[in-house]
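Trainee: Here is what each chain is made of, one letter per residue.
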Amino acid sequence: MGDSQYSFSLTTFSPSGKLVQIEHALTAVGSGQTSLGIKASNGVVIATEKKLPSILVDETSVQKIQILTPNIGVVYSGMGPDSRVLVRKSRKQAEQYHRLYKEPIPVTQLVRETAAVMQEFTQSGGVRPFGVSLLVAGYDDKGPQLYQVDPSGSYFSWKASAMGKNVSNAKTFLEKRYTDDMELEDAIHTAILTLKEGFEGQISGKNIEIGVIEADRTFRVLTAAQIEDYLQEVE
Amino acid sequence: MEEVPKTGFSFDLCRRNDMLSKKGLKSPGFLKTGTTIVGLIFQDGVILGADTRATEGPIVADKNCEKIHYMAPNIYCCGAGTAADTEAVTDNISSQLKLHRYHTGRESRVVTALTLLKSHLFRYQGHVSAALVLGGVDVTGPHLHTIYPHGSTDTLPYATMGSGSLAAMAIFESEYREGLTRDEGINLVTKAICSGIFNDLGSGSNVDVCVIEKGKKEYLRNHLTPNPRTYISSRGYTFSKKAEVLLTKITPLKEVVDVIEVGGDAMEE
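Protein chains in written order, with the numbering used here: chain C, -1 to 233; chain B, -17 to 251.
Simulated from the structure, these hints should not be mistaken for lab results.
Take these hints with a grain of salt, some might be off.
Said to hold, decoys possible - Keeping only pairs whose Cα atoms sit at most 25 Å apart, straight-line, the calculated BS3-like set for lysine-lysine is:
#1 B:K199 <-> C:K100
#2 C:K140 <-> C:K48
#3 C:K90 <-> B:K100
#4 B:K173 <-> B:K45
#5 C:K140 <-> C:K90
#6 C:K204 <-> C:K194
Make a model of the complete structure from these sequences and hints.
Mentor: This is the structure:
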């Protein structure tokens, strides 16, 4: 990667033992739009704000929540273009796994491989770390799962997590509201309420995105109309 | 599809092979598998048909194999030639089509599958011995194509491939017409495959049919089984009436032996 003049890694250790570039990458994530995920007993929900730079932007062309495999979806906080690269790589890795083993890739495997890519970019020549954190939601033989992957390449499994601008408020809200035996419908309501907490302006089906996966193992992004229904239930 | 493969078939050893064959060394032959595969376009879509015999020379290797391969929810492909080649190439392109669907968010088109397959086969200069009948229905309508091992393609309203192709084509040429209904189409395809099954040694066993219409598909595995396998009668073997039983003596093949343990010491090494 990169020509010979940049074959050294640009991400180098500071005297205190930190990788400053990664810290900065996390700051980039922290200034991105809020996104969150909640793992229920029978499914997973991920959601994000979809604030567009201007009212002239065609919001139907923007989709932040992406599908990686039929049973795994992902949302990001941070730099959109960086997330596109990761989504593309992850989809390819999932497909290669399927071609090799003829089974759908387990969620942990896909997360591990995506994290490995992100880590590569912190230790290669001429590249910078990704400026996104991903929330990967999936349902496989081990049940519903939610993982967060950071720019450093570290990943954790979460019961509920949030990232982006409003992370501390959102996490506090989730800590209070989360219960282990939560069902998916409750989780969706909680997700909406959490987003509403830090939302500037009027929340509607057009400026948030919600993705869900249930026991049927089919990841789907809710339509604006469906989101409006949930918003009304929450009111 | 983002990366263009850097190498195709490696021609490094061709000169050596040429020199060896001139010196008299017989090069290993290819294992040909006989097949009858067909496809036709009817009023609502495409129907594909195939026999189910896989041969290894004069031996039937698989009496009920599947020759109609899945490419996309709306596209299927019949394969003739070397079974490994047809399976690998359809699997590979099916995988690429799936990734393409994720990236574009749209249904796959038949011409996309066609172009991916023909580019792959051309790159391998005919050494991937796969002759395919590709059919499907997409936003632009129903399509049917044949693809030859060297990478050339035809677009046809009805097509046959494989060692039984002439037998099947005879049926199509005499009975095909435009605007067939679904049942007429299935019957014609079945008839063509049966013609291949009964008149070609390389084809046999059962008939598989796949009907693809706009928005739905039906995979009729073993739609017709004109060659049922008969097994040994479970009633057992009996003498015919003319034979007279003079003597009956039963000798058990397995000797029943009583083992008496003495002492009880375990074997020690």
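Trainee: Now tell me if each hint is right for this structure.
Mentor: Going through the hints against the structure:
1. Taken as a hint, the K199 of chain B and K100 of chain C pair is honoured in the structure, with Cα atoms around 23 Å apart against an allowance of 25 Å.
2. A distance of roughly 31 Å separates the Cα atoms of K140 of chain C and K48 of chain C; the hinted pair therefore is violated under the 25 Å criterion.
3. At most 25 Å may separate the alpha-carbon atoms for a hinted pair to count; K90 of chain C and K100 of chain B meet this at roughly 22 Å.
4. Straight-line distance between C-alpha atoms of K173 of chain B and K45 of chain B comes to about 19 Å, which keeps the hinted pair within the 25 Å bound.
5. For the given pair, K140 of chain C sits about 23 Å from K90 of chain C by alpha-carbon distance, which is consistent with the 25 Å threshold.
6. The straight-line distance between the Cα atoms of K204 of chain C and K194 of chain C is roughly 14 Å, inside the 25 Å bound, and the hint therefore holds.
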